[in-house]
Every structure is written in C-alpha cells, then in structure tokens.
Amino acid sequence: MPKFEYAPAPESRAVVTIEEAYGHFVDGAFTAPAETFPTLNPADETVLAQVSQAGSEDVDRAVAAARRAFEGVWGRMSGAERGKYLFRIARILQERAREFAVLETLDNGKPIKETRDVDVPIAAAHFFYHAGWADKLEYAGLSASGADVPRPHGVVGQVIPWNFPLLMLAWKIAPALATGNTVVLKPAETTPLTALLFAEVCQQAGLPAGVVNIVTGDGRTGQALVEHPGVDKIAFTGSTEVGKSIARSIAGTSKKATLELGGKAANIVFDDAPIDQAVEGIVGGIFFNQGQVCCAGSRLLVQENVHDEVVSRLKRRLGTLRVGDPMDKNSDLGAINSKAQLERITSLVEAGVAEGAERWSPECSLPAKGYWFPPTVLTGVSQTHRVATEEIFGPVLSVLTFRTPQEAVAKANNTAYGLSAGVWTEKGSRILWMADHLRAGVVWANTFNRFDPTSPFGGYKESGYGREGGRHGLEAYVTTSASTLTGAAR
Amino acid sequence: MVTVSTTTRTASDVAAQARDVLGVSRLTNRALTSWLHGLPGVDQVGNEARAAGLGTRSIKTTSKAWAIDTAIGMIDLTTLEGSDTVGKVRSLCAKALVPDPLDPSTPRPAAICVYGDMVATAKAALGDSGIHVAAVATAFPSGRASLAVKLADTRDAVEAGADEIDMVIDRGAFLSGDYLTVFDQIAQVKQACGEAHLKVILETGELVTYDNARRASFLAMLAGGDFIKTSTGKVGPAATLPVTLVMLEAVRDWRELTGVQVGVKPAGGIRTTKDAIKYLVMVSEVAGDDWLTPEWFRFGASSLLNDLLLQRQKLTTGAYSGADYVTLD
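One line per chain: the protein sequences are A and B, in this order.
The first sequence lines up with residues 1 to 490 when you count with my numbering.
The second sequence lines up with residues 1 to 329 when you count with my numbering.
Calculated cross-link-like contacts (lysine-lysine; reagent style DSS-like; alpha-carbon spacing at most 25 Å): (1) 64/B - 329/A; (2) 64/B - 3/A; (3) 60/B - 3/A; (4) 329/A - 3/A; (5) 314/B - 329/A; (6) 274/B - 3/A; (7) 329/A - 274/B; (8) 329/A - 60/B.
If you only want the chain B side, here are some residues facing chain A, beta carbon under 8 Å, derived: (9) 41; (10) 43; (11) 45; (12) 249.
Please keep in mind that the hints were generated in silico from the structure rather than gathered at the bench.
Note that this is a predicted model, so its numbers are computed, not measured.
Positions of the beta carbon are idealized from the N, C-alpha and C atoms, including for glycine.
Chain B with its partners taken away, still in its complex shape (with noise of 0.2 Å):
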C-alpha cells in the first residue's frame, strides 16, 4: 500500500509534480484546463443508478457490527456553528472520549472538527486521547477573501494545535476557470499545514454537474491535498452517494496513475447508520479494502454518532432502546 509522506512539501514541490503529472514544462492555465477538460466524462444517469445499485447491498449481522465500529471510528465529529461556545465543544470532546457510557468497547471517533479558535480548546479537552483535531480554515465557508488571509486563517489553526485543516477551494474561480488559482491557493494552504493533513472541501453542492466534481477532485489531488472533501455542510446539497461515488473513482484512479493514495471524506447530511453503511459498501466496492480506514476514509458529521451508537446497542441487547439512551452533546 502507498502512504502519503507526511514531509512538508513546498508548494514549488508540490508544482514539479503537477507538470510532471500534465507532461508540460510550464503549469499555465491552459494546461491545466486541457488536462482537467480531458478527463472521461460523468453519465449522470449511469453514476446515479450505479450509486443507487450499490445502495441496496444487505448488510446484516457480523459484517453490520463490523460496518457500525469501523464507522464510529471514521467520524469527524463536528460542530461548526456560530453560537459554539468553550463549553459547547468540550462537552463535545468529552462525547468523542466516552461516546457511550454504557459500553467502554465503543471505539473513538477519528477526530473533533471545529473552527479555528476552537482548536486550543478542543485539543485541551483530548489531551493525549490520539483523537485529531481538525479546523476549517480558509474563510470557511464561502472561500471569499483574499489568499494572505486564507494562509493566515490556516496559519493560526496550525499554531494552536490542529492535526488536520480542512479548506475550501475557491468556487467561484473554478467556475469561472480559472484553475490556476485554485491550484495555487490549494498548494499555498498545504505549505502552510506544515505537518498537518490537508481536506480540501470541493463544495460539490456548487459545482452541481459531475464533471465537475471529477474535475475538482483531480485538481485538488494535484495540487497536493491528502483528502477530497464533498461539501461545507452549509450548502444543499451536501454529501451524496453519487457524488461520492465520483470522487472515490477519482481518488482510485489518481493512484493508479502517481502511486499516491488520497483520502475521501463525506460531508453533511449523513445521518443514519443505514445511509453510513452504504458509504462504507461503496468504498470497499469502488476504492477498495484500502480505504476502508479512518486513515483514508471520514464521514463529517455530528448527529450521525448517536444513531451508530443506537444500534451498535440494539445489536449488543437485542433491543432498540431511544434517544435518551444516548447521551446529547
């Protein structure tokens, strides 16, 4: 299996490589539109009915339970809210350290994901937990300022402790194609992560054509970031199967054309164990066993932890217990 190298990076490494991939001695945005342009194109229909076929495996028993904590341990369990408060997020902390009080083998989610001036708290409240803490940055959500402020946002993330930093890109030059800022911006953001892992959130919900998505996954993997992320959570709509489903063929055949695996992370709107479980079929089924750890696959949720927990118990007991069996965080 290829592993990313955590080194940093610079972004002038991160170009080599991109020329490198395109065959080109000058990234322009000429090239990188007739390499993007080239790329096969996405049957809406066919991506969706593929989606929907793979949506009715049967998950039962053994392979359910199996499915349920490999889950609980891809989450990044999130709270982006402008009314978070200190106390909002650490007792969100405090869910992720214990998520069910009433059977210790539940495993941890994979990381707390809050705003940047929420980082310090967060990674007070896990200590030395091994759950990440991972901030948007980049004048989360909308992407709309100025590039110095958008390294400065990741910077001060960075600074105060966070392991991962998810970014937007910039919708509106992508849209308007002009790539070359939307590499450039990616690559810029991923030097400024240092050590820290890059998400680089494509907000497909404004893309809204699969080619586009297709398009915005392979820019975001050239120039340089460790995970595709589908949306902000902010914007409908968010995850979807299909969208996805793009993006995990994407993050597929990118490895098999530079040997560098990158990783998948669902956003928003993944709320149920049954939807969680399709995702999980989806990656075992289109990117491959690889995958299917949180090392490479993460759902970016808040609700969602509480219906596993409910029916990691209902597998446990027998019995489907309720809401107040769970506790609120």
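Isolated chain A, as found in the complex (with noise of 0.2 Å):
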C-alpha cells in the first residue's frame, strides 16, 4: 500500500440539472421528448436520461428555421452585433463551467480534470477567438485584395463526435456564427447532453431563434442531415468511414464539406530529446482522453538506441497513472465511452498480441461496471501489425523503433493518415527538418495533444480535408464569389 494514499476527491454532480427526457432543439425551442432512447453515464451503466431520435421531418423543420435566421436575421446583421453575442456565449460558457465540465464527465466518462482543465476552457476559447474575428473578415485575407468581402454560405449542417463532445461543437459553431452562418447541429448519440445543455446557453444569450438548431439521433438523422437539399455546407469530425460515405453523399451537389476524420500518428522520440518530458509527452499523447483522440500519439516511433530505456521510464510512469472514477478529481483516466468502442478496442488489442506484439499494463484495478480498458502499452510492433496501421481509439500505444531521421520520416508517414505529429529532440534544425517532412496537419515539437483557437487543425490523406481553427478555419465557412450570395455578412 502506498505511504500517501489520496482520499477520494468526488466532484459534486448537484451542479447540474439532468432533465429525464429531452426533444430537439429547432426555433428557439426545445420540442417534446418523442421517439427517445437513452444515453448513459459509461462509468457505471446507469440511464442519464432520454433523448429524441430527429426524423427527417424534425431535420426538415431545423433546417427550415436555420433558413429563415439566415435570411431574416443572421445572415444581416453586422459582424460587430454577431461578435457581442458570440462574447456574450463565451461568457455564459466560462460561468458554467462547472456544470458543463460535470455534465460532460457524465456522459462521456472521461475525467473531471480534464472537462475542467481542457474541454470547457478550450470550448470558452474558441467562442471568444471567433467573436473577435466577425467584424474582421475583411481583413483575414480571405479574399484578394479589391474583390468583394467573404460571405457566409447560409445553412451548415454539422455532424460531431463523442470523444469532445461540447469542445467539437465550439469548433463547428463558433466559426459558423462568427461568419454569418446558420447551423444544424447533431451531436454523437452517446454524448448529446452537453449539446442539448449549450441550447439552453443560447436561449440564455438571446440568440435570435433558428441560427442555432440543435437535432439528436443516430447516424440515421446524421445521414437526413448531410443529403438534406436545403444544407449549403457540412463539417463532419468522426470516423474516415463515415466521412467517406459523406463525400460520396454529396458528391455532384454544391454542398461545401470540410471532414476531420482518424489518424495514427507518430509520436518519434529522438535520443537526443529531453526525456523525462518525452515520456510525459507520450503519456499525455496516448493516454489523455483514454486515447479516443483523433490526433493521438499512438504510434511510439522511438531511436532505437534509447529504445529500452524509454521503455522502462514509460512504464514507471504508468504505474503512477491512476485510473477510476471520473468524477474523482485525481482520476488520470476515466471510462470508455460505449460498450461498441469497448469491444473495438479488446478486439483489435488481441489482434496485436496474435500477430507477435507484448502487450503491458500497470498494476490497477478496473471498476466492477461501467466500460473500462486498462492502460497497455504493446511493445514489439512492426509496421505490417494491425495495431500499427489501423486506428484503435483508446488507452493503447504500440512502440515501434527507428535508426535514422529518414527512417523515423519514412515510418511515421507509412500510414492512410495524416493527422498529427509529435518530434522530440533538442536539436532545433532536426524539429524544423522533420516538420517540413512528415505528411501531417499538426506537428507539435517537444510536446503533443496542444490545442489552441488560434492554430488551424485538420488532416491529409484518409484524415480528411479543410482546416479548423486559426485564419484558416474560416476559409470553410465563407464564400469569396458573388453567385452564392443571399444575403449580407457585413
């Protein structure tokens, strides 16, 4: 038993108000809870509430309303009075935090200190850097010099993911209101509270009825949404599978699409690089979110001259990980997120391990219910393994080693990916070296999973197409040439 054992630290969940049944969020209002099914708190299994599956009637409906914000209100008001209330959002998210972070933690199973410290502030802070932007778009380079002034493309139907709940949903909508779009938005169907609670943010600001329409279901309602002939635009974060099925979908359409979908990125460890950091940086690249990260370090690329000893420090730190109750405050790692990801992961583990990986844990003891997979680390991969080329979602790293920068470059850009990138090294001409070679959106030098408003995201290859966040973020939401107007941005 260890000296300093941490009492438990649970955060309270009397912050926030879960109602037992929600409807969709279209106009303004919420409509009755119909056709529901549950979404559950994947720590211990129980029913969080029921929420409604959106038909195509419902999607209809919010597209209709998004429609008729866009012409009537959204689309013409100034940039300066759609920055106030996207501050005015912002504002709202910061003073809720707590309820956000707790209600998010619920739903989704990952740590509180991550809902508190990541997810929430990061969300704030995407609201607040586009608010900035709206009465700037002239200014953000998006057009040539003399041609006419950037203008939103109308209704944008966005499709987000389970693993950031409300800090995708920042990113789909901050930008798409800050440059005068209107939105139809559904969130995963096992994380659609916080969503549903960031309508009620909206009421709350007194955004006009409609520029913000809120529709939950499954991939079904998902799919209404993306083949629906009044959606001008999609974004799409999920899965490269789906995001395929998107493109074909609006494939000979005038639909815009920008799609943020899988990687597997390299993490490349140099022997040169500061150790004790690189192993936090691996740590931090796999095992943040229980590695339901689209940018994840989950490919450890390292020289394999320091092979075995960044092995061994990796391990001792993972044996202080602590894994646990989400709600507990000292939890390093919470729960899967679905019983469907669960047996992804397992089931892909096992095909490492069958194709001659090793696979390790830390000592820890899961909860009894609820969805859970211990932290594993599996040595001894190759590049023709499975856990090497296919995105495995979760709390798993596989090591593979390298001799040289060429082959680390080589290695690390052998996948259908392009997401991210981590390189740790010293040496500052190898970082810019490396950066300018790897095929990948993001390349984080000495450190890895950093995310920031004012830096753009997004992938090559089956990691999808259009940037978000940054300058370049906004390029996706507007349009330069004068055939598509229907209305003001100014």
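Two chains, two frames, some hints: make the complex.
Following this line, the structure appears as structure tokens:
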C-alpha cells in the first residue's frame, strides 16, 4: 500500500440538473421528447436521460428554421453585432463551466480533471477567438484585395463525435456563427447532453431563434442532415468510414464540406530528447481522454538506441496513472465511452498480441461496472501489424523503433492517415527538417496534444480535408464569389 | 531500500567513486563537462506543465491529515538573519519542541536551521529531544570566500555540535564551467563534516535554467552530498515546484545509477499548507514513497509551520481559528 493514499475527492454532481427526457432544439425552443433512446453514463452504465431520435421531418424543420434565421436576421446582421452574441456565449460558458464539466464527464466518461481543465476552457476560448473575427472578416486575407468581402454559405449542417462533445461543438458552431452562417448540429448519439445544455446557453444569450438548431439521434439523423437539399455546407468530425460516405453522398451537389477524420499519429522520440518531458508527452499523447482522440500519438517511434530506457521510464510513469471514477478529481483515466468502442479496442489489442506484439499494463483495478480498459503498451510492434496501421481509438500505445531521421519520417508517413505527429529532440534544426517532411496537419515539437483556437487543425490523406481554427478555419465557412450570395455578411 | 553510509568518507574515496561513475581514470574538468553535458536536457515548457499538473491533485480528509503531519515532521525550522540573537534562537527551539501547546499530539519539526555561531545555543535548547541542529556554512549565502575559510566555517559548526551542514556551491565557478572546483569544494566540505549530514545548496535562482539545475544536482551527488537543496532563501526565485521536480528526477535517476539515495530540500518561499502538500504529491509520484520521510525530504521554512498548525487545528476542530491561536516564534 502506498504511503500517501489519496482519499476520494469526488466532484459534486448536484451542480447540474439533468432532465428525464429531451426533445430537439429547433427555432429557439425545445420540442417535446419523442421516439426516445437512453444516453448512459459509461462509468457505471446507469441511464442519465432519454433523448429523441430525429427523423427526416425533424431535420426538415430544423433546416427550415436555420434558413429563416439566416435570411431574416443572422445573415444580415453586422459582424460587430454577431460578435457580441459570441462574446456573450463565451462568457456564459465560463460562468457555467462547472456545470458543463460535470455533465460532460457523466455523459462521456472522461475524467473531471480533463473536462474542467481542457474541454470547457478551450470551448469557451473558441467562442472568444471567433467573436473577435466576426467584424474583421474582410481583413482576414480570405479574398484577394479589392475583391468581394467574404460571405457566409447559408445553412451549415454539422455532425460531431463523442470524444470531445462540447469542444467539437465549439469548433463547429463558433466559426459558423462568426462568419454569418446558421447551424443545424447533430451531436453523437452517446453524448448529446452538453449540446442540449448548450442550447440553453443560446437561449440565455438571447441568440435569435433558428440561428443554432440541435437535433439528436444516431447515424440516420446525421445522414438525413447531410443529404438535406437545404444545407449549403457540411462540417463533419468522426470516423474515416463515415467521412467517405458523406463525401460520396454530396458528390455532384453544390454542397461544400470539411471532414476531420481518423489518425494514427507517430510520436517520434530521438536519442537527444528531453527524456522526462518526452515520457510525459508520450503519456499525454496516448492516454489523454483514454486515447479516444483522433490526433492521439498512438504510434511511438523511438530511436532504437534509447528504446529500452524510454520504455522502462514510460512503464514506471504509467505505474502512477490513476484509473477510476471519472468524477474523482484525482482520476487520470476514466471510462471508455461505449460498449461498442470497448469491444473494438479489445479485439484490436487481441489481434496485436496474436500478431506477435507484447502486451503490458500497469497494475490497476478497474471498476466492475461500466466500460473500462487499462492503459496498455504494446512493444515489439512492426509496421505490418494491424495495431500499427489501424486506428484503435483507445488507451493503447504501439511501440516501434527507427534508426535515422529518414527512417523515422518514412515510417511516420507510412500510413493512410496524416492528422498529427510529434517530434522530441533538443536539436532545433532537426525539428524544422522533420516538420518539413512529415505529412501531417499538425506537427508538435517537444509537446503533444496542444490545442488552441488560433492554430489551424486538420489532416492529410484519409484524415480528411479542410482546416478548423485559426484564420484558415474561417475559409471553410465563407465564399468569396458573389454568385452564391443570399445574404449580406457585413 | 538503500541507505547512505554515514561513516566518514574521505575526499579521495569520493573522487574514486566519481571516476568509477564517469568511467575515467582521472577526474578532470573535461571529463566532468562531457558527463554533465551528456545528461538529457530539460524542456522548460514540459517541465513546468508537469509540475503544474501534479499541483492539481486534490488532497482531502484523511490524506490531508496525513500530509500535514508528515510535512510538519519534515520542516527545517529556520532563522537566518543578521538580527538573530540567543533569545530568538531559544524561542524558535521552544517552538520546535512544542509546536502547538493546544495539542500535544502535534509532531515536531525535523531540525532547527541557524547560522554557525548559534549552533551551541540551539543544541543546548533542544537537548536530547532528537531534533537536529542544522547550520549553514561555507560563507553562506554567497559562498564567496576561499576554500580554507569555507572549511573552517564548516568545522566550526560541526565542533559546536551541528548534526547537519547546509553548504552553498560556488555558483561563479559553476557558471564559468569550472565544475572541478565545485566538485572539489563539495567533496572537501563533506570530509570536514565528519558524521554530520551534508546538504548542498545549488541556489537554483542564480543557475536560472533547468538544465543547470539538473547538472548541478548530479555534480553535488557525484561529490558526495547527502541532500541537494534548492536555495538559500536569500535569492529569488527560491524553491519552485518545477525546479524541485528536476531535482527529484535527479535523485531518482541517481539511485538507479549508483544505488545511493540522496535527499531533497526545497527551501524559501514555501509558506502554505497547500504548497507543502503539492510538494509531497510530487515526491510521492516522481521520486516515490522511499523519499516520503524526514530522512530524505525536508522543507526549509519558517512561516510554513504556523500555517500547517492552523490547518491541523481546522481538521481536528472543524473550524478555522486564526493567527493568534498559533504562537509566534
């Protein structure tokens, strides 16, 4: 037994009120719950609430409301006025941060430490950042000098994943509203609650009815939204498989799309790396959010001459990770989001072991109820193994080695994906050379999994197209050609 | 658990072990430089982020009570002022003997830390209580004196009965790359300490970078220091969580390398229970439980004790008292 035993430090769930059942948020008001299905707390499998499955009629109504709001008020509003609403939303998110953090942890299973310190503050930061752009779009360099000012597309359909429910909502809604678009958003079926709480924030901020509409449901709802003829642009974050089907379904239409899909990032550690910080970066890269991160550093590429030292330091560090009750402020790892995801992780790890990888996990006792997977390290992994090529989306690190910078780049790029990469070395020139040669949307140097609204994020290859965040992220939400003009953006 | 031998080692024993660790036949400044500069670097941003992350641990109820008592037992209760008098030192010793007159179950601090000329006074006041007397020496705090003076300063304190010596390294020599001088001085002071334990003050506020803090830590351990200590308390910044993190990683790695355990003492600027608990969390999660005793971890502090006592009273009685319910020393 350790000398310094941390007593339970649970966050109170009393700060948030969860309704028994929820409808959709359309045209500024909630509809009556209908065709409901449960959303669970993945940490203990209890039912948190019933949410409604939106059919095509619900999607029609939401798109129509968004169109009315775009044409009637939002598309005509000055940027300065839109900015005020975004600032107001950002401040309300900060004021209600605890509520959002608790609700996100309950619905998603991620530790309260992360929702409190990462998800909610960065979500608010995205609204603050984009609020500032709302009245400065003509100066964002989006259109050639002297050309038309950038204009919104109109109605944007947005489909977001379960791994960062509120944060992905912010990544989607903030730029859309700042540029003068209106929104129909569908949260993931397993994590709809913070989006529904966000609907309340829209009401609280006095946002005009129909500017933001939220419809809940499974993939069928998403499909209805994506295929709806009244939608001008699609923004999707999720699996590559669904991303491809969206690209197919909108082919031949005038719809614009940005897709942020899967990843299999390499975290590359050279022998001159700051080793203790590199170990932290490896841990943060793959165990943050239980590894359910599209840009997770799931492949550790370590220079062969320091492989043993890095792995032994990593294992010692993992011995201090605390896995358990996500509501406990000292939990470092929480629950896997769903049974289906847990099964996927389990079967991929079994496949890795069958292919010859060596499996290791620190000693940790997992709760009996809920969906849990221990932090896992697979050593002796080769490029041909499934665990080196397929996205596991769980707390599982595959360890591979390399000998030279050229080989590191070749192995890192040898994937169907290209979302992110990490480079650990004290040599500045090598960082620049690596960043130049890595085919990934984000390259982190001596850090990993850092997110900031000012920084564009997006992928190469099967990781998708388009960028979110920063000045680049605005591009996807505007057009600079006058032909699609349906409202004034100034 | 490995324990450091308390038998006196001569400076030449220390040099022999150092040659062995470095794998060289002669200990030169070049050998020391290539060894120290071959240590992995410290990334400032990552190091500070890790320290801040550990600082968010939430320590409540029973674990808080344990941490408060453990922290009290690790304090080197310190007065290092030009205005120190016999009366002041005696009253500090009385405080160490009875930290909280309202609660006799309160643990005592580990040591009283004074200037060399106050050792005899402190020793007499503490008697056979088991509370150690630590003396700062070697031209504390600047260290700007000849080696002969530094050794005389050390011997003087040891002869007066000091159980522990807190020496300062020659930061000028360190920053100019003269590692051999720093090494020799520590080794000689260690020899002059005899049975007394040697704490080596790095004065990290003057070394500035974490790379320097790591190198100075390894140099001090190589030269035979029993403890590495952040600061004199006379230079800002004194102890910080990130610099202590670097030093805890150093002692952890040193034990792995040599089998020898070395203690860590952050000193200066640690005033609240909340801060002290953050340090204990860091000790536990970075160096490990073996360091969670006064033998291997100390706080150099003066006002910290009263805040720990206030928090302890609060846990016992359920209500905050106030500054007038702990004694001034």
